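Chemist: Sequence:
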Amino acid sequence: MPSDIKFFSLIRRMRSAYAHWSADSRLSRLESRSDKRLRGEIKDEDYDHAEIVNDYYDLCHEFMEYGWGDSLHFAPIASNESLEEAVVRHQRLMIEKLQLKESSQVIDVGCGVGGPMRRVAKEAGVKVFCINNNEYQLSQAKLKNEAAKLDHLAEYVKCNFMDMSALQPNMFDAGYAIESTCHAPDKRRAFAEIFRVLKPGARLWGQEMCLTNAFEPANQRHQTLKKELMRGIALKDIASFQEVNRTLEAVGFEVLEANDLAEESSTPWYNPMVSQSGSLGNFFRRTPIGRGVMQWTIRLTEFVGLFPPHAHKVVKMMDRTAEAYVNGGKEGVFTPLYCFVAQKPI
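Using my numbering, the letters of the sequence shown correspond one by one to residues 1 to 346.
To be clear, the hints were calculated from the coordinates, so they are not data collected in a lab.
Note that the structure is a prediction, hence the values are computed from the model and not measured.
Careful: at least some of the hints might be erroneous.
To be verified - Straight-line C-alpha distance at most 25 Å; calculated DSS-like pairs for lysine-lysine: (1) Lys122 <-> Lys144; (2) Lys144 <-> Lys158; (3) Lys313 <-> Lys6; (4) Lys43 <-> Lys97; (5) Lys122 <-> Lys149; (6) Lys43 <-> Lys199; (7) Lys97 <-> Lys122; (8) Lys142 <-> Lys6; (9) Lys158 <-> Lys236.
Could you build the full structure based on these sequences and the hints that come with them?
Modeler: As structure tokens, then:
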């Protein structure tokens, strides 16, 4: 049974996060609507993707943070480098590419609980506007920023990045979107909104989950992997590299650089989900065997009221998603590390 301090903290946080709704009903709604959409049984006009994404993060967030930390994104991993070290190095690359100055106002599009935001604010000394449509994550970002004494460098805006009408045009000196706009049901609309709120000359760093050039639409195995990823990550679709670039350019951005940073990494990006590195806690939080132990531990402790009822079903779903990530990575048809720098023309 997992015995690290984070596990006991997870128990407390899960009971709080799931206090006002049933995990079983939310999970059933999420999986049912996702599956029907993939089978073509729901028309676009009858499908609320924002609801699906909110269900996904409400259900999964605490487990995600337990397993990955408060920066909920992938990073290219060098030899003999931990995931945590890779994430820091990756965020510093983003700060460098954005050319931030202390007087800058920056927009974090889909801020999660603010892991990247805290590094940006602390190391670049800029003010960050945290955009998130998930109320729980936004509240956690505020609490974490307060604990880090960085709340004075943050503003919080609860809105869908498909419609940021609460924000004025030409407002920000720079922006970033890390594994967030991949959730957009209409990527062009999302990029157009970001373009609108950036100042002329401002740079945007993006990190997209994409299908690679190795993906073959006629290959049934590839299509199955794509559907498993869409289902597991709450994505309406998965764009190719070319589709991301074309959409950025269509709304007015100039793409300065765009690369799959997974190709530059000496360690597979999915390695933390298949092999042990670092502490015993990482073994239980990330590896297939550890995830299995976690699932059964949580299932047993539900009987004595430690974890909320049906929480183990969420872990089971997330384990299936981890397998989809790994299979997509091993097959070479999927990457979460398509990173670009785009600029709004002056």
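Chemist: Does each hint hold? Answer for all of them.
Modeler: Verification of the hints:
Distance restraint check for Lys122 and Lys144: the Cα-Cα separation of roughly 13 Å lies within the 25 Å cut-off, and the hinted pair is therefore satisfied. Between Lys144 and Lys158 the alpha-carbon distance is near 17 Å, which keeps this suggested pair within the 25 Å criterion. Among the hinted pairs, Lys313 with Lys6 is consistent with the structure: their alpha-carbon atoms are about 20 Å apart, no more than 25 Å. Restraint check: the Cα-Cα separation between Lys43 and Lys97 comes to about 40 Å, which exceeds 25 Å; the hinted pair is violated.
Proposed proximity of Lys122 and Lys149 is supported: the alpha carbons are some 10 Å apart, at most 25 Å. For the hint pairing Lys43 with Lys199, the CA-to-CA distance comes to about 37 Å; that exceeds 25 Å, so the pair is violated. Pair hint Lys97 plus Lys122 holds up; C-alpha atoms about 16 Å apart against a cutoff of 25 Å. Taken as a hint, the Lys142 and Lys6 pair is honoured in the structure, with Cα atoms around 20 Å apart against an allowance of 25 Å.
Taking the CA atoms of Lys158 and Lys236, the gap is about 21 Å. The hint holds against a cut of 25 Å.
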